[in-house]
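Visitor: Protein chains in written order, with the working numbering: chain U, 1 to 194; chain W, 1001 to 1182.
Source of the hints: derived by calculation from the structure; they are not laboratory data.
These numbers come from a predicted model, not from an experiment.
Don't take every hint at face value.
Unchecked claim - Restricting the straight-line Cα-Cα distance to at most 20 Å, the calculated cross-link-like pairs of lysine to aspartate or glutamate (EDC-like) are: (1) W:Lys1024 with U:Asp64; (2) W:Lys1071 with W:Asp1053; (3) U:Lys107 with W:Asp1105.
To be verified - Non-contacting residues of chain U with respect to chain W, defined by C-beta distances greater than 10 Å in every case (computed): (4) Ile171; (5) Ser179; (6) Asn183.
The C-beta atom is built at its ideal place from N, Cα and C for all residues, glycine as well.
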Amino acid sequence: MTLILALVIGAAFGAVLDRIGATNPDLIGKMLNLTNLNLAKTILLAIGIGSMLMFGGQMLGLVDVAHMSVKSAYVGVFVGGALLGVGWAVSGYCPGTGIAAAAAGRKDALFFIAGGLLGAAAYMATYTSVKATGLMEKIGGGKVTLGTVPGAKYDGLTAVSGDILGVILGIVIILVAYSLPENMRGKTVIVAAE
Amino acid sequence: MTLNWKTGGLALGLVFFLAVLLVKPIGVSTQFVILDSIVWNAVDSEVITKTADGYTSSNAYLAKSNGKYAKNAANPLNYSFLFVVAMVIGAAGSSFLRGGVAKTDRSVPELWRANFGDSPVRRYIATFIAGFVVLYGARLAGGCTSGHMMSGMMQTSLSGYIFALGAFGAAIPTAMILFKRG
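My request is simple: use the sequences and hints to build the entire structure.
Guide: The structure is reproduced here in structure tokens:
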């Protein structure tokens, strides 16, 4: 059954990534150079809606709290995030959208995937030395949520009720999505004539 | 062609919600490790070994968390790996239905062309190196844009916010320096 769900949800995810323009490096680049924030608005709205539905559903007992999977917070999350950010800006691809873009017919994305497979292998090869540095130092207790979610196996960074906080943050993120201007630099960057 | 942000955001939000409602939050970058390991293990069958209560590996990264990655690489027919395979099918189908990527953009996208010219080789080298850095970074961080940022922030994980800060903090200045035109 979960394998069927993998096919259905995975296919839906791939199709939606393509339809929102996340498989288009032009739109990623224009989001990151702040000239076209439509994709940022899309992603923020999605996070906000997901958060409200998930935590709202948990409060009503309709969503299984055990399905939550919270990743650990440590120094390497920030450093790795920054590395990813540089490559994301250069290529216009992140791991998921790179694969989806290749599937959509972009050849440069195939090179991104090839580089990615090598990068992942390099991490496997260097994991032991990375672990010996301070990069795995936990932040705020590691696997924590901002509030304390009732029934979850994760600690809360604060004692605030985690599901209420989740719904509120969901609403805040949606409001940010609505209030974000489409172009933050107030000008259209002109493409030079060829 | 591209969905408006309200429709697109709603659709993407529903997919993220359905994933956590029915199975677990979405994540992709781990599967690069799994694919590497499947290939590696096919070449050298000593890499992943079965133990009394599961799997382990001669590689410390694959052996961590009780051989969780080793187990998935030994059994590729698992949820997370199949999810990514299905993602390929979904994206390809969607692209086909909307008429695909414009021929001029298939090798070198427009924004890149406006700033760095139309050499496919230059673009391929750049995306290859970027791919390396992105996946090394994602594995160091323990997740990527989908797992850490979207699934993480949705669940109010501290790690999701730290990741987003690092990723956008580096990506925005990089893009502003690189893409001055277009």
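Visitor: Next step is simple, just say for each hint if it's right about the structure.
Guide: The hints, checked one at a time:
Distance restraint check for Lys1024 (chain W) and Asp64 (chain U): the Cα-Cα separation of roughly 10 Å lies within the 20 Å cut-off, and the hinted pair is therefore satisfied. Distance restraint check for Lys1071 (chain W) and Asp1053 (chain W): the Cα-Cα separation of roughly 11 Å lies within the 20 Å cut-off, and the hinted pair is therefore satisfied. For the suggested pair Lys107 (chain U) and Asp1105 (chain W), the alpha carbons sit about 9 Å apart, so the restraint of at most 20 Å is met. With 10 Å as the threshold on Cβ separation, the claim that Ile171 (chain U) sits away from chain W holds: the shortest Cβ distance comes to roughly 13 Å.
For Ser179 (chain U), the shortest C-beta to C-beta distance to chain W comes to about 13 Å, beyond the 10 Å cut-off, and the non-interface label holds. Under the 10 Å C-beta cut-off, the non-interface status given to Asn183 (chain U) relative to chain W holds; the minimum distance is some 13 Å.
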